[in-house]
Every structure is written in structure tokens, then in C-alpha cells.
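Protein sequence lines correspond, in order, to chains A and B. Residue numbering for the first sequence follows the UniProt record's numbering, beginning at 1 and increasing consecutively. Residue numbering for the second sequence follows the UniProt record's numbering, beginning at 1 and increasing consecutively.
Please keep in mind that the hints were generated in silico from the structure rather than gathered at the bench. A couple of the hints might just be wrong.
Since the list gives no way to pick one copy over another, a pair counts as held whenever it fits inside one copy or between any two copies.
As the list claims (entries may be wrong) - Keeping only pairs whose Cα atoms sit at most 27 Å apart, straight-line, the calculated BS3-like set for lysine-lysine is: (1) Lys5 with Lys195; (2) Lys196 with Lys124; (3) Lys20 with Lys5; (4) Lys74 with Lys157; (5) Lys5 with Lys208; (6) Lys47 with Lys207; (7) Lys196 with Lys157; (8) Lys157 with Lys195; (9) Lys196 with Lys74; (10) Lys208 with Lys74; (11) Lys3 with Lys207.
There are 2 protein chains.
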Amino acid sequence: MQKHKILIADDHAMVRDGVKNLVQQNKDLIVIGEARSGNETLELFDKLQPDLLIMDISMPDMNGMEVSRTILAKNPGASIVILSMYDDEDYISRCLEYGVKGYVVKNESGSELEYAIRSVLQGKNYFSRQAQDVIFKKYSQNVARKKTQEEEISLTKREIEIVRLIADGLTSQQMADRLFISPRTVETHRANLMKKMSVKNAIELVKKAQQLDLLQ
Amino acid sequence: MQKHKILIADDHAMVRDGVKNLVQQNKDLIVIGEARSGNETLELFDKLQPDLLIMDISMPDMNGMEVSRTILAKNPGASIVILSMYDDEDYISRCLEYGVKGYVVKNESGSELEYAIRSVLQGKNYFSRQAQDVIFKKYSQNVARKKTQEEEISLTKREIEIVRLIADGLTSQQMADRLFISPRTVETHRANLMKKMSVKNAIELVKKAQQLDLLQ
DNA sequence: GAGGATGTCAGTAGAAATACGTAGGGGATG
DNA sequence: CATCCCCTACGTATTTCTACTGACATCCTC
Chain A
1 MQKHKILIAD DHAMVRDGVK NLVQQNKDLI VIGEARSGNE TLELFDKLQP DLLIMDISMP
61 DMNGMEVSRT ILAKNPGASI VILSMYDDED YISRCLEYGV KGYVVKNESG SELEYAIRSV
121 LQGKNYFSRQ AQDVIFKKYS QNVARKKTQE EEISLTKREI EIVRLIADGL TSQQMADRLF
181 ISPRTVETHR ANLMKKMSVK NAIELVKKAQ QLDLLQ
Chain B
1 MQKHKILIAD DHAMVRDGVK NLVQQNKDLI VIGEARSGNE TLELFDKLQP DLLIMDISMP
61 DMNGMEVSRT ILAKNPGASI VILSMYDDED YISRCLEYGV KGYVVKNESG SELEYAIRSV
121 LQGKNYFSRQ AQDVIFKKYS QNVARKKTQE EEISLTKREI EIVRLIADGL TSQQMADRLF
181 ISPRTVETHR ANLMKKMSVK NAIELVKKAQ QLDLLQ
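The whole structure should be built from the sequences, with the hints applied where relevant.
See below:
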């Protein structure tokens with residue numbers, strides 16, 4: 001049987017041991033190395049080429065996110081599960097950005113970590129309960145904000161057409177050619193749009209339209 | 001003890017009974033109504049004002065998503081858990097958009113539903129394993145796409161600063177004032193940016209910068 | 001049929017952006 | 001020290017955008 005090779009990175013021996021025990025209760029998993037710092041993690045990852053890296057987010061020299069970014073820059077498919085003390089939104093979203101596949105908050109049960117390991121080795125992502133809560137909260141805040149703004153502003157069909165063309169980077173002349181109307185008319189629409197949406201130039205107009213989800 | 005009032009909506013009696021049993025094993029929960037269609041759900045929700053609505057996504061007259069949207073438009077804080085046969089990405093993301101707080105795929109265990117009920121009643125979101133997998137897959141695809149584009153273009157610190165100000169809708173003069181440099185210099189940066197990023201005007205520049213995640 | 005919303009177009013004027021090219025000072029690096 | 005990159009800055013010319021005002025036809029509604 002081919003065992004999955006796992007590298008553990010944490011500056012606390014006790015945590016390393018705990019994770020190691022947890023991992024090695026599974027016969028198809030084997031811990032092939034332990035790192036005590038960010039730099040050591042980078043070295044060992046290169047040398048050992050593990051199937052999975054389980055890493056603390058806070059380490060003395062370089063934090064887990066920076067290590068993740070470095071590793072994932074060189075090894076885009078690498079599997080990394082982050083262990084963190086915190087369910088901080090910044091941390092979590094940065095990890096997602098960098099391509100980390102798992103994120104488990106330490107005060108959650110060991111089964112969360114096991115589930116994360118299983119999922120990631122199967123090629124899926126796994127963010128633990130608390131981590132998801134944070135993401136969903138952020139997401140729904142965004143949605144809520146969009147909803148409340150959306151009410152007041154109502155655009156005509158033509159105006160929506162125009163604002164989309166503006167967002168595509170066309171000049172008034174180009175829009176006029178495409179719509180078979182005068183460039184002056186396009187400019188009228190543009191002016192009306194800016195007035196309706198309380199902005200001072202086309203760039204802010206496009207941003208606002210994006211926020212209101214008017215572009216496609 | 002104040003019991004949490006729950007409304008169940010599903011066109012299949014067997015599913016309703018199953019959910020009902022599951023719910024009423026908890027002493028602090030009580031099923032106060034059952035709806036067999038989308039329209040009935042809307043009526044009962046208005047009349048009964050439940051603390052939580054557990055609803056099938058597919059119903060004869062109006063599907064669960066449309067019902068959700070209608071209810072949430074009138075009751076922005078309403079708690080809704082969607083039961084679905086499918087882990088379709090479109091369904092899930094639409095539910096998120098509308099403000100649905102829970103999404104459970106039917107072939108998952110009953111404990112997923114219980115967990116969802118608990119979480120939502122506590123004011124949190126809960127999307128079951130399969131639903132999350134879909135979202136994360138989508139998310140990481142986006143990240144991956146972004147990454148591949150990012151390589152070629154490298155901007156200097158000053159250029160990044162400028163492109164962000166452009167994205168904020170400032171004119172060259174305003175940027176010059178803020179950065180204590182000549183407006184001509186700002187225009188030089190702007191021109192260099194447009195050349196580097198192969199675009200013809202500021203709007204396309206901003207869009208490109210957004211794609212490359214250069215704006216904060 | 002009066003009134004409102006929409007889409008169309010124009011004049012005038014000034015502000016801003018874009019397209020060219022050129023160039024010096026400073027820092028890092030070989 | 002030569003070279004490259006970055007930041008800085010200017011000249012000239014043209015295009016595009018923004019601001020403000022006024023106007024007319026159409027369609028819908030009350």
C-alpha cells in the first residue's frame with residue numbers, strides 16, 4: 001500500500017506530537033518530517049516532497065501564510081492544511097487566495113483535522129466550521145450592502161446598454177457608431193447616468209455599476 | 001421554555017415526515033406548519049412567522065429559490081434552510097446571493113440538517129459539506145485563473161500606487177496634489193501603465209488591474 | 001389631452017485624457 | 001564606471017470627456 005507522506009510544521013513540540021499521533025492512527029498516512037520554523041519548512045518541503053503539509057499559521061521566523069505562498073508559487077498543486085489559533089477573516093481569505101486547501105481552527109475537534117486531511121488528499125478543499133462561518137459572514141455582508149444600495153437607482157434599458165459599453169472601454173464615438181445614434185446622444189446618456197449615480201467621472205460610474213451588479 | 005417555531009415546505013409527504021421526525025426529536029424545536037407548494041409556503045410564512053423555514057428546492061409551482069427571494073425581500077433577516085437533491089453550483093450561489101442561511105444536500109446524513117438548523121438558529125450560516133466543496137472549487141478556479149495571467153506584467157510601487165488612485169476616480173491633477181509631484185509625471189505613469197497592460201484607456205486599465213487583483 | 005418618462009440631438013466651453021517624443025537624477029548592480 | 005531601472009518632468013497636438021442648457025418626438029398614463 002502506498003502511504004501518503006505528511007510533513008508537519010509547528011514551533012511547539014506538543015502540537016507537533018499531537019498532530020503526529022492523530023495522523024498516525026491512520027495506517028495509510030505517514031509522517032516523514034517535522035519542521036520547527038518557516039525556513040525549515042521550506043527546506044524540508046523541497047527535500048522531502050510530501051503529499052501534504054500540515055502547518056501552524058504562526059511560527060517564529062516566517063508565518064504559515066508566507067510559507068504557503070512561497071511553496072505554492074513553486075509547486076502550484078501542493079496540498080497544504082493550515083492550523084490556526086484564530087478565525088481571523090484576513091488570515092482565512094489570504095490563505096484561500098494563495099491556494100491553501102485546508103484551514104482548521106485549533107480549538108475545534110481533532111476530527112475536523114482528520115476530515116481536512118482526508119478531503120485535501122482527495123483533491124478537495126476543506127475549511128473548518130469556524131473558518132467557513134467567517135467567509136459566509138463576509139459574503140452575506142457584501143450581498144446585504146449591495147441590496148440596500150440597489151433600491152434607489154433605476155436605470156432605463158438604454159442607459160444600462162450605455163453603461164455596459166462604457167465599462168467595455170468604448171469612447172462615445174465608438175458607442176455612437178455601434179448604436180447608430182449621435183455621439184451627442186451618447187454623451188447625454190453618459191451625463192444622465194453620472195447624475196443618477198452621483199459620480200464625477202466614467203471610472204467611478206463603472207465601479208458603481210459593478211457594485212450594483214449591472215454589468216451582465 | 002421558548003420553543004423555536006419551524007415551518008417545513010416540501011411537496012413530498014415522506015420527506016416532510018422525515019424532517020418533522022428529525023426536528024421533533026429536539027425538545028426546543030416545534031413544527032408549526034407544513035407547506036406543499038411554493039405559494040402555500042409564502043402564505044404560511046406570512047401567517048405563522050416561523051423562526052426557521054426548511055424548504056425543498058424543487059416544488060411544483062414555484063421553486064425554493066424564488067420562494068426564498070420573495071420571502072427575504074420582505075423579511076431580510078428570515079432564516080431559511082434549503083434542502084436540495086443537487087449540489088449544483090448555480091443553485092448554491094443563487095441561494096447565497098438571496099440570503100439563504102443554510103443549504104443541505106439530501107443525500108447527506110441527517111446530522112448535517114440538524115447541524116444546519118442549530119447553526120442558523122444561532123444566527124450563523126451553514127452550508128453542508130458538498131455545498132461548500134462546490135463553492136470552494138469555484139473559488140479556487142478563479143484564483144488559479146488569476147494566477148496564470150499575473151505572471152507577465154510587473155509594475156513598480158509607484159505605478160501600483162497610481163493605478164489605485166486612477167481606480168478611485170481621481171484626475172491626474174488630484175493625484176499630483178496628493179503625491180506632491182507634477183501632473184505631467186502622473187500622466188507619464190498613466191501612459192506607462194496603459195502600455196504595460198496593453199489597454200487603450202483608463203477604464204480598461206482599471207478593469208485589468210481588478211482582474212490582476214492589484215487594487216488592495 | 002395634460003403631464004411624465006424616455007430617447008433623441010445640439011451649442012458652447014472648458015477640463016481631462018491620450019499620443020507622440022525627449023531627458024535628467026539617483027540607486028542598484030555587474 | 002557603465003548600464004539598467006525607476007521616478008521625475010516637459011512640449012505639442014489631438015481626442016475625449018464633462019458641464020450646463022435647451023429642444024423635440026414618442027409613448028404611456030392619469
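(request) Please name the hints from earlier in the document that this structure breaks, with their numbers sorted from lowest to highest. (result) 1, 2, 5, 6 and 11
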